[in-house]
Amino acid sequence: MLHRIASLLLFSGLVAAATSSPREAHAGGSYFLLEADTGFAESAYDGGDPGIYYGFRSGLTWKPKGSPIRFHLLMGAGLRNSQLLGAQAGLIYAAEQYDLDLYVSTRVVVPVFGVRLYAEVGAGDRLSFQSLTRDPSLGGLSVSSDQFLLLTAIGAQVRLTENISAGLRVEMNPLAVDSTLISHITGYAPTHLRMSGIIHVGLHF
Amino acid sequence: MLRSVLRAHLAMTMASLLLACGGPHEPVTVSFSIAEIECQEELGACGIEQHTRGIVAESFEPGPDELSEESGERILYADFPAPKEGLAIIEISQPRSGVAKVRYREVYRGEVSFAGAITSQDVELAFGDDGAPMLYGRFEFTATDVERGTTRRVHSGRVLAVASSPDSVGPRVPGPSPTRVPAPAPEVPEEKDVPTQPVPSPRGPEVSVVVVETAHGCSDPAPETSGCEDPTPSSGGGCSSDTAASGCEADSFDSSGCDDASSAGCEADSFDAGGCDNCSANRPTQRLNLVHAIWRLFWPVLLVGGLNRWTRRRLSLQAPCEPVDL
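Chains as they are written, first to last, in the numbering used here: chain A, 220 to 424; chain B, 42 to 367.
Where hints are given, some of them may not hold.
What the hints assert, rightly or not - Covered stretches of chain A, as calculated for chain B (at least 3 residues, CB under 8 Å):
#1 309 to 320
#2 345 to 352
#3 360 to 370
#4 390 to 400
Since the hints were derived computationally from the structure, they do not count as laboratory data.
Note that the Cβ used here is the ideal one computed from N, Cα and C, for glycine as well.
In isolation and in its complexed conformation, chain A is listed as follows (with noise of 0.2 Å):
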């Protein structure tokens, strides 16, 4: 289901991307922003394949009068998956984690040469789903926790019509977790700086 939303947004931009004019590229402001994305995710477990990302996140925009900066305040949610295959004493093992975040951000926009650069800082609440199957002989274990969560993205964005934008965003979630099930009977270590490269469809109006 996801993957086909994700497919559905990034293929309507696309064809905004090919349809819309130059005019349309020097968009207006607008007060709401809708913006869905996908991407890579860094594993959750160092050493560990990357995983997929899919997020979205609205919120409202404003500009200073007389000033070049927008800003904004969002909320937004990500939905990233791990997987390791490893084995223990020799038994196999395979293990996969989702992390879904709750988070609420305020980004800060500056046009450089047509092109909106921004940064991006937020926090809150990483709901984490772990499960780790095992030789049947063992069966399969699993856990859910949640934690908090720090973002920070830097990213730029270009208009595509007056209504359409896209981008490309790098996200990095600093967490603080020591040990998570899959870490304690894998050994795997989590990634305390995750990094994300995710691509972002928008939605002004």
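Since the structure of chain A is already known, use the hints to place chain B on it.
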């Protein structure tokens, strides 16, 4: 008007964040000690005395050996080097039936080399309101060579696990006596006497657990230290079966037949094999969790959507001028 909308949005986002987050909840780790008080030493594999760290998880599916009757049951997991070679895994579950179940396995070179059939156990596993566990009691198991099926070792020991901070070393349980004379068992309080009050929050300060070693060589995690009764081993405990129960997983970790990525527990590439039939037992709980998570995730969005629609309509009526952008 815009200011009012800003205020409303700020209040709503903060409220949604607070409501959605709740308090931090990290996995509960425990200091785990297991000590042998009797062992029939046939192959020189006695000497289980470990102080390690465990973690509280949940059964992802109905477990083998009836360790867990259904998914979502809490399981205390701990592993340590096996007496001879490989890895020893001890897991204690707290099924809905209320009787704690202990399972012991030794894994070596990718196979379960010894399966400990619990022949006797008197273990109490109590959880605080925040999920912090406290486990204490004694157990007895017969570790059987899985390959040959011959009984080789009989262990009797005691176990103690308490919630702890990650840095804690863990309480010490007195080890076996040099002469391997069976020591009197610790007095295990009845369930009504379970000392739930001292069980700390996993995020709380360092747990200070005093293991009282009496003159009789007993360790008693409970405040009461008077005497050491001779244990009357309760039989069974529900862990008698050594055969691996057929859960959702097949023998090989392939992902055939599970192509619905949105089905919890049966995702492609997640190595749930053997078709999805057996996974259906797990789905209600996981689906409930998923619905709950989705609701927590989306209700602020629905509110924002409604507010946005309302505000947009109001702005279109009252503020004909578009805001000046960059």
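Right, here's what the structure says about each hint:
no. : hint       : in the structure
1   : 309 to 320 : holds (count 6)
2   : 345 to 352 : holds (count 5)
3   : 360 to 370 : holds (count 8)
4   : 390 to 400 : holds (count 5)
The structure fails none of the hints (numbered hints given earlier).
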